[in-house]
Amino acid sequence: MIVTFDEMRARSISEWEALEKSDKPSIFIGAATCGRAAGAMAVLEAISSALAHHHIEASITQVGCLGLCYAEPLVDIIKPGCPRIHYGNLTPELATQLIEDYLVKDNPRPDLALGTTGDGTVADIPKLFELPVLKSQMRIALRNCGLIDPENINHYIARDGYSGLVKALGMTPEAVIEEVKKSGLRGRGGAGFPTGMKWGFSRRSPSTVKYLICNADEGDPGAFMDRSLLEGDPHAVLEGILIGAYAIGATDGYIYIRAEYPLAIDRLRVALRQITDYELLGDNILGSNFSFHIKIKEGAGAFVCGEETAMMASIEGKRGMPRSRPPFPANSGLWGKPTNINNVETWANVSAILQRSAEWYASYGTEKSKGTKTFALAGKINRTGLIEVPMGISLREIIYGIGGGIPDGKRLKAIQTGGPSGGCLPESMLELPVDYESLTQAGSIMGSGGMIVLDEDNCIVDTARYFLSFTQAESCGKCVPCRLGTKQMLSILEDITNGKGELEDLDLLLKLAESVKAGSLCALGGTTPNPILTTIRYFRDEYEEHITKKRCRAVICTELTNFYILPDKCQGCLICLRSCPTGAISGDKRMVHVIDQSKCIKCGACLDVCPPRFNAIVKVSGEKIETPAEPVPVMTSKPSGKATTNE
Amino acid sequence: MNPDTKQELDDILSQHEIERGELIPILQAAQERFGYLPEEVIAKIAKFLQLPPSAVYGVSTFYAQFKFTPTGKKMIKVCRGTACHVRGASRILQELEKELGIKPGETTEDLEYSLETIACFGSCALAPVIVVDKTVYGRMTPKKVGQILAGNE
Ligand SMILES: Cc1cc2nc3c(=O)[nH]c(=O)nc-3n(C[C@H](O)[C@H](O)[C@H](O)COP(=O)(O)O)c2cc1C
Ligand code: FES
Numbered sequence: 001m002i003v004t005f006d007e008m009r010a011r012s013i014s015e016w017e018a019l020e021k022s023d024k025p026s027i028f029i030g031a032a033t034c035g036r037a038a039g040a041m042a043v044l045e046a047i048s049s050a051l052a053h054h055h056i057e058a059s060i061t062q063v064g065c066l067g068l069c070y071a072e073p074l075v076d077i078i079k080p081g082c083p084r085i086h087y088g089n090l091t092p093e094l095a096t097q098l099i100e101d102y103l104v105k106d107n108p109r110p111d112l113a114l115g116t117t118g119d120g121t122v123a124d125i126p127k128l129f130e131l132p133v134l135k136s137q138m139r140i141a142l143r144n145c146g147l148i149d150p151e152n153i154n155h156y157i158a159r160d161g162y163s164g165l166v167k168a169l170g171m172t173p174e175a176v177i178e179e180v181k182k183s184g185l186r187g188r189g190g191a192g193f194p195t196g197m198k199w200g201f202s203r204r205s206p207s208t209v210k211y212l213i214c215n216a217d218e219g220d221p222g223a224f225m226d227r228s229l230l231e232g233d234p235h236a237v238l239e240g241i242l243i244g245a246y247a248i249g250a251t252d253g254y255i256y257i258r259a260e261y262p263l264a265i266d267r268l269r270v271a272l273r274q275i276t277d278y279e280l281l282g283d284n285i286l287g288s289n290f291s292f293h294i295k296i297k298e299g300a301g302a303f304v305c306g307e308e309t310a311m312m313a314s315i316e317g318k319r320g321m322p323r324s325r326p327p328f329p330a331n332s333g334l335w336g337k338p339t340n341i342n343n344v345e346t347w348a349n350v351s352a353i354l355q356r357s358a359e360w361y362a363s364y365g366t367e368k369s370k371g372t373k374t375f376a377l378a379g380k381i382n383r384t385g386l387i388e389v390p391m392g393i394s395l396r397e398i399i400y401g402i403g404g405g406i407p408d409g410k411r412l413k414a415i416q417t418g419g420p421s422g423g424c425l426p427e428s429m430l431e432l433p434v435d436y437e438s439l440t441q442a443g444s445i446m447g448s449g450g451m452i453v454l455d456e457d458n459c460i461v462d463t464a465r466y467f468l469s470f471t472q473a474e475s476c477g478k479c480v481p482c483r484l485g486t487k488q489m490l491s492i493l494e495d496i497t498n499g500k501g502e503l504e505d506l507d508l509l510l511k512l513a514e515s516v517k518a519g520s521l522c523a524l525g526g527t528t529p530n531p532i533l534t535t536i537r538y539f540r541d542e543y544e545e546h547i548t549k550k551r552c553r554a555v556i557c558t559e560l561t562n563f564y565i566l567p568d569k570c571q572g573c574l575i576c577l578r579s580c581p582t583g584a585i586s587g588d589k590r591m592v593h594v595i596d597q598s599k600c601i602k603c604g605a606c607l608d609v610c611p612p613r614f615n616a617i618v619k620v621s622g623e624k625i626e627t628p629a630e631p632v633p634v635m636t637s638k639p640s641g642k643a644t645t646n647e
Numbered sequence: 001m002n003p004d005t006k007q008e009l010d011d012i013l014s015q016h017e018i019e020r021g022e023l024i025p026i027l028q029a030a031q032e033r034f035g036y037l038p039e040e041v042i043a044k045i046a047k048f049l050q051l052p053p054s055a056v057y058g059v060s061t062f063y064a065q066f067k068f069t070p071t072g073k074k075m076i077k078v079c080r081g082t083a084c085h086v087r088g089a090s091r092i093l094q095e096l097e098k099e100l101g102i103k104p105g106e107t108t109e110d111l112e113y114s115l116e117t118i119a120c121f122g123s124c125a126l127a128p129v130i131v132v133d134k135t136v137y138g139r140m141t142p143k144k145v146g147q148i149l150a151g152n153e
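Respectively, the protein sequence lines represent chains A and B. For the first sequence, position 476 matches number 476 in the working numbering, and the numbering has no gaps at all. For the second sequence, position 67 matches number 67 in the working numbering, and the numbering has no gaps at all.
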């Protein structure tokens, strides 16, 4: 070995301290996928040129996602002797100004700042972790995300990184498994199987070749925890994988990651090169007799490949179809060899547990759900982002405390957890504690961590239809209940959203849902009915309204909505008439326009272009608005013309 | 097969071992290179891995990623994930269909644009999201669609 781990660590710590306690300013910019989509790279350029313009020497580090996605792009500045100030919602112009104000004129711009971290305080800027959005969070898996440079292994090592692996290598594999069992950690990929117990099965399975897989397929369409983690702190995941490999005696590992995550793949490749150089990966790791190799496999766009047996088929170069279990992967997995599979976040928790201790980890959470869980908070919520909370926290605290509630004064309708395998919980369940058992009991699931908030403008039947159309398309077709059941359930839901539903359909849907749940080969089919079951359970009245009143109260289901031009508001300006793609609008200058409902395709183009000062077009469902049959002269200009045709 | 294609495919194959597990990575590399998987390319990959072409087709048609017809110079992907759906992704898709005159899975006649829908880009916090080639555009509105297309001409 070139250097010992202690030497590596000492060197890393001094590099990190040089950055935090430098005599030059250090600037950090959130440059994960979401930051980039919000314009982080343009902000980065603006900062570089502002620094050059003012002849300021400063270091710029690209970091991952801090989780405050609502405030992207994010920039942090550490001035010598000052705490780290986190700024949000920057534009290139604001960033240029900020550099001048703070670094030249010493004005820290509290109006742009979110908060500070580190020692010391700055007048008028709160502590970041005391803000409502972070106060009730506990960051274990995400401990370094957004704070360190994910492409610099020394940053990770300086913050205790790989000390968990070193500790594990000094223990017997059985003792490592015991430690993970004691922590109470359960799989974060959805099903919540106890991780230590799963490792024990693989450990005891006799074979000289054993495989390990990291599941980074993140198939839930509305979830981004694993992406953020891999982009923000890939070493936390890799360290967990190495610890797991040592514990079960695996020889080779695969990281199966979806191809839609190019930045995460790049960061993983960089990290793998670094640990190979540092002799933390390969033959005789850190001089021990433990050897391990890792390959990256890119997914090819099939949701079902997130299921473990389908994933193994895919790695073997086959169609990604699940098979029945037993045999379980722990006995016969990849190429018939014992295989252990865990989720990205599970691995990141493993490294934290070994770095600290099982007792420390188990001190968070509830009796049966220990530790923390990350959630991707999105949809109709003020503070969208990536959060990590102790298990047992209430939905209310997540939605209103951390998420800041629903935008535009709208009413919360439902909270969707678990994606296509989960369910929609109504407002009345806000006090529900977030743990595996409570969510399952409520008919939903913890899932991998997608949490989508729906407001009154979202239709619950449309949401169920949306999930079914997803799972129907992704059903691999191997077993009949899933292949045909999803198709039938979808067509019933489509009927209901198209105004062709009948009340008996609801019972038929429930019956079908129960059969698909019971009869499917894998958990894709087994959980596909959940969105239907929970929405009928909690929102039956909305289904019935679609069926009996042909009304969609959220005015979402196209076939049940109509556009009308209000005769007392229309000024006859011809703008909507020209925008209509089907020529359904008739009228003339200064003549009230009229929509021919039989020609209208309900695209909404007219509503988009109607000048806000007229506001003459409405979209309604389940009600009819009286309008003239033919264009008539505009009414509003003369007070006497107030008489309308619906009198 | 034209000599350039043959040469490029040989280059790809030379970086892989003759193992069934290499099939998907080879298909991915070939598609990255040629934009889609022409019949002759599939035949040659099958021969290389000593598999019947039907097996290679069987695998490649299973996965949404693989295409069998040429795609446009620019690939526009619209996210239809949950977060994007509840924030109005279908309006964005409609606007693109209108602007480009094609449906998802299709390519404009001049081979300029292809349109696709995708389950989730993992940028849900910025929903609705579209991706043009490798650039992610967040917080989309129907209006921004026109601007992005114009900027891209
Ligand atoms: C249809 C389907 C999709 C799945 N997708 C994922 C996924 O994207 N990521 C994941 O970690 N687990 C996914 N799983 C769960 C895996 O099969 C497996 O339980 C998990 O990776 C085990 O890891 P854990 O014990 O650490 O949770 C999926 C399961 C099913 C049935
Ligand atoms: S749902 Fe669109 S990016 Fe995730």
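Hints in this document: simulated from the structure, not taken from any laboratory. Cβ coordinates follow ideal geometry from the N, Cα and C atoms, glycine included. Treat the hints with care, since some could be wrong.
[Unchecked claim] Take a look, some chain A residues computed to stay more than 10 Å from chain B by CB distance:
id: 1; residue: ARG227
id: 2; residue: LYS297
id: 3; residue: SER314
id: 4; residue: MET321
[Claimed, not checked] Computed cross-link-like contacts, BS3-like style, restricted to lysine-lysine with a CA-CA straight-line distance of at most 30 Å:
id: 5; chain 1: A; residue 1: LYS167; chain 2: A; residue 2: LYS182
id: 6; chain 1: A; residue 1: LYS602; chain 2: B; residue 2: LYS103
id: 7; chain 1: A; residue 1: LYS589; chain 2: A; residue 2: LYS550
id: 8; chain 1: A; residue 1: LYS619; chain 2: B; residue 2: LYS67
id: 9; chain 1: A; residue 1: LYS167; chain 2: A; residue 2: LYS410
id: 10; chain 1: B; residue 1: LYS73; chain 2: B; residue 2: LYS103
id: 11; chain 1: A; residue 1: LYS599; chain 2: B; residue 2: LYS98
id: 12; chain 1: A; residue 1: LYS410; chain 2: B; residue 2: LYS103
id: 13; chain 1: B; residue 1: LYS134; chain 2: A; residue 2: LYS599
id: 14; chain 1: A; residue 1: LYS619; chain 2: B; residue 2: LYS103
id: 15; chain 1: A; residue 1: LYS569; chain 2: B; residue 2: LYS144
id: 16; chain 1: A; residue 1: LYS487; chain 2: B; residue 2: LYS6
id: 17; chain 1: A; residue 1: LYS619; chain 2: B; residue 2: LYS143
id: 18; chain 1: B; residue 1: LYS98; chain 2: A; residue 2: LYS337
id: 19; chain 1: A; residue 1: LYS500; chain 2: B; residue 2: LYS103
id: 20; chain 1: B; residue 1: LYS6; chain 2: B; residue 2: LYS98
id: 21; chain 1: B; residue 1: LYS134; chain 2: A; residue 2: LYS619
id: 22; chain 1: B; residue 1: LYS134; chain 2: B; residue 2: LYS73
id: 23; chain 1: A; residue 1: LYS295; chain 2: B; residue 2: LYS47
id: 24; chain 1: A; residue 1: LYS295; chain 2: B; residue 2: LYS143
id: 25; chain 1: A; residue 1: LYS478; chain 2: B; residue 2: LYS47
id: 26; chain 1: A; residue 1: LYS478; chain 2: B; residue 2: LYS6
id: 27; chain 1: B; residue 1: LYS47; chain 2: B; residue 2: LYS67
id: 28; chain 1: A; residue 1: LYS619; chain 2: B; residue 2: LYS98
Cross-check of the supplied hints:
1. With a least beta-carbon separation of about 4 Å from chain B, A:ARG227 fails to lie farther than 10 Å from that chain, contradicting its non-interface assignment.
2. For A:LYS297, the condition that its CB be more than 10 Å from all CB atoms of chain B is violated, with the nearest at approximately 7 Å.
3. Its beta-carbon lying about 7 Å from the closest one in chain B, A:SER314 breaks the requirement of being farther than 10 Å from that chain.
4. For A:MET321, the condition that its CB be more than 10 Å from all CB atoms of chain B is violated, with the nearest at approximately 8 Å.
5. The suggested pairing of A:LYS167 with A:LYS182 holds, with an alpha-carbon distance near 16 Å, which does not exceed 30 Å.
6. Of the supplied pair hints, the one linking A:LYS602 and B:LYS103 holds, its CA atoms being roughly 18 Å apart against a limit of 30 Å.
7. Proximity of A:LYS589 to A:LYS550 is assessed by CA-CA distance (about 35 Å); at most 30 Å being required, the pair is judged violated.
8. Between the alpha carbons of A:LYS619 and B:LYS67 the distance comes to roughly 39 Å, so the proposed pair goes past 30 Å and is violated.
9. Note on A:LYS167 and A:LYS410: the hinted pairing is violated, with a Cα-Cα distance of about 51 Å set against a maximum of 30 Å.
10. With a C-alpha separation of about 16 Å, the suggested pair B:LYS73 and B:LYS103 falls inside the 30 Å cut-off, and the hint holds.
11. Between A:LYS599 and B:LYS98, the direct Cα distance comes to roughly 18 Å. Compliance with the 30 Å bound is thereby established for this hinted pair.
12. For the proposed pair A:LYS410 and B:LYS103, the alpha carbon gap of about 33 Å is over 30 Å, so the pair is violated.
13. A C-alpha spacing of about 39 Å is found between B:LYS134 and A:LYS599, which places the hinted pair above 30 Å, so the restraint is violated.
14. About 26 Å separates the Cα atoms of A:LYS619 and B:LYS103, which keeps this hinted pair within 30 Å; it holds.
15. Taking the CA atoms of A:LYS569 and B:LYS144, the gap is about 28 Å. The hint holds against a cut of 30 Å.
16. Distance check on the hinted pair: A:LYS487 and B:LYS6 sit about 43 Å apart at the alpha-carbon level, beyond 30 Å; violated.
17. Taking the CA atoms of A:LYS619 and B:LYS143, the gap is about 20 Å. The hint holds against a cut of 30 Å.
18. The straight-line distance between the Cα atoms of B:LYS98 and A:LYS337 is roughly 52 Å, outside the 30 Å bound, and the hint therefore fails.
19. At roughly 26 Å between alpha-carbon atoms, A:LYS500 and B:LYS103 fall within 30 Å of each other, so this suggested pair holds.
20. Taking the CA atoms of B:LYS6 and B:LYS98, the gap is about 39 Å. The hint is violated against a cut of 30 Å.
21. Simply put, B:LYS134 and A:LYS619 have alpha-carbon atoms about 36 Å apart, too far for the 30 Å limit, and the pair is violated.
22. Using a Cα cut-off of 30 Å, the hinted pair B:LYS134 and B:LYS73 holds, with the two alpha carbons roughly 12 Å apart.
23. For a cut-off of 30 Å, the pair hint linking A:LYS295 to B:LYS47 stands: about 25 Å separates their Cα positions.
24. For the proposed pair A:LYS295 and B:LYS143, the alpha carbon gap of about 43 Å is over 30 Å, so the pair is violated.
25. A distance of roughly 28 Å separates the Cα atoms of A:LYS478 and B:LYS47; the hinted pair therefore holds under the 30 Å criterion.
26. This hinted pair does not check out: A:LYS478 and B:LYS6 have alpha carbons roughly 36 Å apart, beyond 30 Å.
27. For the suggested pair B:LYS47 and B:LYS67, the alpha carbons sit about 20 Å apart, so the restraint of at most 30 Å is met.
28. The straight-line distance between the Cα atoms of A:LYS619 and B:LYS98 is roughly 21 Å, inside the 30 Å bound, and the hint therefore holds.
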